[in-house]
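Residue numbers (this note's numbering), protein chains in the order written: chain A, 1 to 192; chain B, 1 to 419; chain C, 1 to 330.
To be clear, the hints were calculated from the coordinates, so they are not data collected in a lab. One should not assume that every hint holds.
[Said to hold, decoys possible] Under the rule of at most 20 Å between Cα atoms (straight-line distance), these lysine to any residue pairs were calculated in the SDA-like manner: (1) 115(C) with 191(B); (2) 115(C) with 302(B); (3) 180(C) with 301(C); (4) 180(C) with 198(C); (5) 280(C) with 278(B); (6) 115(C) with 195(B); (7) 280(C) with 54(B); (8) 115(C) with 224(B); (9) 218(B) with 84(C); (10) 224(B) with 194(B); (11) 280(C) with 228(C).
Here the structure is a predicted model, which is why all the values come from computation and not from measurement.
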Amino acid sequence: MFQVRIHGRGGQGVVTAAELLSVAAFLEGREAQAFPTFGSERTGAPVVAFCRIDDSVIRVREPITEPDALIVQDPTLLHQVDLFAGLSDDGYLLLNTGRSFDDLGLGAFVERFDVDRCVTVPATEIAREHLGRPLPNAALLGAFAALTGQVSVDSVAAAIRERFSGPTAEGNVTAAEHAHARVLQAGRASHA
Amino acid sequence: MRSQIEGSQAVARAVALCRPEVVSAYPISPQTHIVEALSDLVRTGELSPCEYLMVESEFAALSAAIGASAAGARTYTATASQGLLYMAEALYNASGLGLPIVMTIANRAIGAPINIWNDHSDVMSQRDCGWIQLFAESNQEAVDLHVQAFALAEELSLPVTVNMDGFVLTHAVEPVDLPSQAQVDAFLPPFEPRQVLDPGEPVTIGAMVGPEAFTEVKVLMHAKQMQALDVVPRIASDFEDAFGRGSGGLLRTYPREGADTVVVALGSVLGTIDEVVDELRAENVDVAALGIRCFRPWPLEEIRQALQGARRVIVLEKAFAVGIGGIVGQNVRLALSGLPVPVFDVVAGLGGRPITKRSLHTLLADVLHERIEPNQLTFLDLDRELVQRELHRVSQSPRSGPHAENILRDVGTVAAGSH
Amino acid sequence: MSETIKLYQLGTFAVGNRLLDPDDRSVQADVERSNTLTSGHRACQGCGEALGARYVLDAAMRATAGNLVAANATGCLEVFSTPYPESSWQLPWLHSLFGNAPAVGSGIAAALRAKGRTDVRVVAQGGDGGTLDIGFACLSGMFERNDDVLYVCYDNEAYMNTGVQRSGATPPAARTANTKPVGDEPGNVFGQGKSAPLIAMAHEIPYVATATVADLHDLERKVERAMEFRGARYLHVLVPCPLGWGSAAADTIRIARLARETGLFPVFEAERGEVVNVSKIRGRVPVEEYLRAQRRFAHLFGEQPRTDVIERIQAGADRNIRRFGLLEEM
Numbered sequence: 001m002f003q004v005r006i007h008g009r010g011g012q013g014v015v016t017a018a019e020l021l022s023v024a025a026f027l028e029g030r031e032a033q034a035f036p037t038f039g040s041e042r043t044g045a046p047v048v049a050f051c052r053i054d055d056s057v058i059r060v061r062e063p064i065t066e067p068d069a070l071i072v073q074d075p076t077l078l079h080q081v082d083l084f085a086g087l088s089d090d091g092y093l094l095l096n097t098g099r100s101f102d103d104l105g106l107g108a109f110v111e112r113f114d115v116d117r118c119v120t121v122p123a124t125e126i127a128r129e130h131l132g133r134p135l136p137n138a139a140l141l142g143a144f145a146a147l148t149g150q151v152s153v154d155s156v157a158a159a160i161r162e163r164f165s166g167p168t169a170e171g172n173v174t175a176a177e178h179a180h181a182r183v184l185q186a187g188r189a190s191h192a
Numbered sequence: 001m002r003s004q005i006e007g008s009q010a011v012a013r014a015v016a017l018c019r020p021e022v023v024s025a026y027p028i029s030p031q032t033h034i035v036e037a038l039s040d041l042v043r044t045g046e047l048s049p050c051e052y053l054m055v056e057s058e059f060a061a062l063s064a065a066i067g068a069s070a071a072g073a074r075t076y077t078a079t080a081s082q083g084l085l086y087m088a089e090a091l092y093n094a095s096g097l098g099l100p101i102v103m104t105i106a107n108r109a110i111g112a113p114i115n116i117w118n119d120h121s122d123v124m125s126q127r128d129c130g131w132i133q134l135f136a137e138s139n140q141e142a143v144d145l146h147v148q149a150f151a152l153a154e155e156l157s158l159p160v161t162v163n164m165d166g167f168v169l170t171h172a173v174e175p176v177d178l179p180s181q182a183q184v185d186a187f188l189p190p191f192e193p194r195q196v197l198d199p200g201e202p203v204t205i206g207a208m209v210g211p212e213a214f215t216e217v218k219v220l221m222h223a224k225q226m227q228a229l230d231v232v233p234r235i236a237s238d239f240e241d242a243f244g245r246g247s248g249g250l251l252r253t254y255p256r257e258g259a260d261t262v263v264v265a266l267g268s269v270l271g272t273i274d275e276v277v278d279e280l281r282a283e284n285v286d287v288a289a290l291g292i293r294c295f296r297p298w299p300l301e302e303i304r305q306a307l308q309g310a311r312r313v314i315v316l317e318k319a320f321a322v323g324i325g326g327i328v329g330q331n332v333r334l335a336l337s338g339l340p341v342p343v344f345d346v347v348a349g350l351g352g353r354p355i356t357k358r359s360l361h362t363l364l365a366d367v368l369h370e371r372i373e374p375n376q377l378t379f380l381d382l383d384r385e386l387v388q389r390e391l392h393r394v395s396q397s398p399r400s401g402p403h404a405e406n407i408l409r410d411v412g413t414v415a416a417g418s419h
Numbered sequence: 001m002s003e004t005i006k007l008y009q010l011g012t013f014a015v016g017n018r019l020l021d022p023d024d025r026s027v028q029a030d031v032e033r034s035n036t037l038t039s040g041h042r043a044c045q046g047c048g049e050a051l052g053a054r055y056v057l058d059a060a061m062r063a064t065a066g067n068l069v070a071a072n073a074t075g076c077l078e079v080f081s082t083p084y085p086e087s088s089w090q091l092p093w094l095h096s097l098f099g100n101a102p103a104v105g106s107g108i109a110a111a112l113r114a115k116g117r118t119d120v121r122v123v124a125q126g127g128d129g130g131t132l133d134i135g136f137a138c139l140s141g142m143f144e145r146n147d148d149v150l151y152v153c154y155d156n157e158a159y160m161n162t163g164v165q166r167s168g169a170t171p172p173a174a175r176t177a178n179t180k181p182v183g184d185e186p187g188n189v190f191g192q193g194k195s196a197p198l199i200a201m202a203h204e205i206p207y208v209a210t211a212t213v214a215d216l217h218d219l220e221r222k223v224e225r226a227m228e229f230r231g232a233r234y235l236h237v238l239v240p241c242p243l244g245w246g247s248a249a250a251d252t253i254r255i256a257r258l259a260r261e262t263g264l265f266p267v268f269e270a271e272r273g274e275v276v277n278v279s280k281i282r283g284r285v286p287v288e289e290y291l292r293a294q295r296r297f298a299h300l301f302g303e304q305p306r307t308d309v310i311e312r313i314q315a316g317a318d319r320n321i322r323r324f325g326l327l328e329e330m
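Generate coordinates for the entire structure from the input sequences, incorporating the hints supplied.
Set out below in structure tokens:
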């Protein structure tokens with residue numbers, strides 16, 4: 001079982017991200033479960049969503065306390081919420097930011113992880129470029145696909161197109177593909 | 001057709017496939033996505049003919065359903081928590097009048113203190129209202145149970161609730177196989193009411209009944225509900241024949257009957273329990289999970305049978321009766337009366353507190369190592385020290401303030417959310 | 001063949017009147033009337049509500065060719081009409097709860113619409129308590145949705161079924177079981193209460209009307225008129241209660257007439273929130289005559305009459321007269 005926890009703020013599409021990820025896995029013939037935590041959050045408040053992916057039926061329903069991958073949609077959460085709780089040393093970390101881990105004061109922190117598994121992506125900027133709105137979730141899913149290989153970017157695109165239509169769908173798909181290519185490239189570069 | 005879909009959306013589609021003629025809707029978290037989805041289906045004409053009434057309260061929602069059902073329409077509504085309480089009077093009215101309304105309860109805690117998260121205190125507070133009460137473990141089962149519920153309700157002329165854990169199921173996106181319209185039409189014939197408001201054949205429904213006949217009327221209600229103990233399994237069996245998968249019925253045991261230790265529970269927590277059961281069995285612990293799918297009527301004989309040979313029974317429930325203890329536990333004890341089986345009452349998941357595998361493992365270990373006593377109310381993951389501090393605070397001053405606020409201040413928490 | 005005989009009292013309150021054109025005769029005068037609330041019910045002698053319900057429902061049955069379903073709130077009418085195992089109702093009739101008659105009516109109307117039975121109409125009815133107080137949210141909801149229901153309120157100005165307790169319709173100074181004439185303010189206090197007809201008008205529903213059991217033709221005509229509309233309609237009927245009002249059983253109709261003639265109970269019709277017709281007072285009467293006929297106001301007339309209270313009541317009547325234009329322009 002592969003467990004993903006997504007952090008963000010209300011209005012950034014965190015819940016949708018988890019759902020789309022589960023649909024992408026489903027389209028590949030796998031079992032998936034997505035659900036959010038809930039509160040009386042309004043736009044801007046911290047939100048967490050979860051996605052489990054497995055090959056056999058998923059029966060467990062508790063929140064993910066030991067994620068295999070962490071997606072952080074909003075870097076301003078860094079000093080407000082305990083984002084990294086339960087992430088093991090060989091876990092994946094995907095952070096939405098145009099800056100580096102060092103710039104954010106996380107340089108030392110990420111050293112304990114596998115360097116190939118920790119990535120920053122300027123997903124909000126990518127979204128603005130292709131979607132015209134600062135909604136980073138699709139781009140982050142594309143990056144996630146490249147980073148973990150748990151789903152393909154094509155499945156992510158298919159999931160997006162199932163949920164959305166017209167320019168919204170295409171803008172999101174392009175954002176996902178852009179971020180996907182970028183992470184792949186960075187991965188190749190770091191091994192060069 | 002199998003798809004990855006939100007629980008609420010799946011249930012709304014399942015209900016629509018049953019061709020309700022009247023849907024009354026009042027929104028309350030966490031049921032809102034169900035009634036919203038049904039509104040869309042009616043507006044687009046996908047669900048037609050159907051009248052969708054946006055009423056002014058839950059009391060009105062069930063009252064309108066009562067009128068509609070009495071006029072011969074297949075009728076549906078949904079609610080949770082406070083909403084269920086607000087329609088309490090109407091709940092008893094509907095069952096007393098024998099109207100086959102189907103209602104989804106997206107189980108949620110009851111305030112005060114106000115809490116929007118999942119537990120079973122809502123439906124448990126109304127367990128005596130005379131409705132048949134079914135519990136779904138998964139969104140697939142929720143879909144299947146709604147189809148079965150209409151058949152059940154209309155056969156017995158009794159209202160039925162389908163309980164699904166709020167947020168945990170309603171807002172979870174997971175694979176669900178939705179039947180086709182043709183399949184549901186074949187399974188569920190048009191509604192033939194036992195009694196109907198028809199100018200062609202006027203009847204008086206809802207007269208006052210005095211001491212001379214009230215008891216007999218009530219006994220008939222009870223007898224009718226007890227018939228459900230036969231009808232529920234038969235409909236589940238017919239469903240399996242028609243749709244090719246088992247769901248519903250009175251109860252289910254995993255992996256087999258006759259285990260030493262049995263954990264009894266209702267609803268979605270059974271998935272987590274099954275996982276723990278598998279892990280423990282791999283360590284040679286003889287444990288099994290008994291899931292109650294039909295809570296009312298209470299399948300007493302079937303539960304007694306299922307617990308034959310158990311050396312200990314752990315009842316894990318998401319509600320309790322303040323001032324006395326476990327509710328499902330009480331009912332289980334009734335089923336076990338005369339048998340020398342210790343029953344452990346464990347209350348967990350109140351107000352949406354997650355029930356984790358880790359905690360369940362600890363619980364089972366505590367029980368097996370006799371660190372917990374039977375017949376004593378145990379609360380899973382209770383912060384005992386916090387409770388003690390508050391009790392101490394109360395004893396020190398008459399104006400100690402509201403418990404909830406004191407405790408929240410104590411733990412330094414202001415945000416909601418389980419994370 | 002009917003001659004046009006000029007009669008000076010075509011508005012006569014007589015039920016029969018064989019000299020009237022058949023079209024002008026009351027429903028009650030017709031031997032073929034539905035008798036929807038048939039005899040044998042257990043109402044008190046002189047019960048205004050039993051009279052009002054019979055008038056209203058027979059008229060509604062005629063207007064709908066018998067295609068009518070009724071939802072009834074808990075209250076006197078429901079209780080005295082269905083003493084198990086007997087029932088006085090000769091139409092499909094459902095009693096659910098005290099506070100939900102309007103919602104039940106909405107549900108019935110929805111079911112009929114879903115089944116394509118738009119020929120069958122719905123009446124929901126209740127007393128002032130069930131309508132104005134406990135059923136008020138449901139009433140407003142039904143109005144707001146413009147559901148195709150005629151709601152009839154039989155207003156006897158207190159919770160009569162449970163022993164004459166004060167409701168939101170109880171007039172100032174009236175004695176009830178919990179507004180007794182003890183203390184400084186005798187009876188129900190001034191400055192409380194609500195006008196259901198005005199509130200109904202504020203919802204801008206197609207038709208709102210008030211009526212009393214004193215004017216049969218007027219009441220029947222209003223029921224018929226109401227049935228010409230689709231959507232939410234409200235009829236508020238004043239029905240004196242001899243027991244609760246402390247009036248003579250034989251006085252029910254006379255007292256209802258006095259309620260109109262004093263101006264205390266304005267009789268009018270409104271469509272979509274605007275008054276379209278007013279029943280003028282034929283011979284104005286001071287409130288005292290109305291009050292003296294009812295023991296619930298007896299405490300105002302003792303050794304030391306409460307002329308101050310009576311004046312306030314009169315002022316209320318004067319205000320109604322002015323507000324609704326209840327007197328003929330001279």
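Status of each hint after checking the structure:
no.: 1; hint: 115(C) with 191(B); result: holds (12 Å)
no.: 2; hint: 115(C) with 302(B); result: violated (41 Å)
no.: 3; hint: 180(C) with 301(C); result: holds (15 Å)
no.: 4; hint: 180(C) with 198(C); result: violated (28 Å)
no.: 5; hint: 280(C) with 278(B); result: violated (84 Å)
no.: 6; hint: 115(C) with 195(B); result: holds (16 Å)
no.: 7; hint: 280(C) with 54(B); result: violated (40 Å)
no.: 8; hint: 115(C) with 224(B); result: violated (29 Å)
no.: 9; hint: 218(B) with 84(C); result: holds (15 Å)
no.: 10; hint: 224(B) with 194(B); result: holds (13 Å)
no.: 11; hint: 280(C) with 228(C); result: violated (24 Å)
In this structure, the earlier hints numbered 2, 4, 5, 7, 8, 11 are contradicted, and the remaining ones agree with it.
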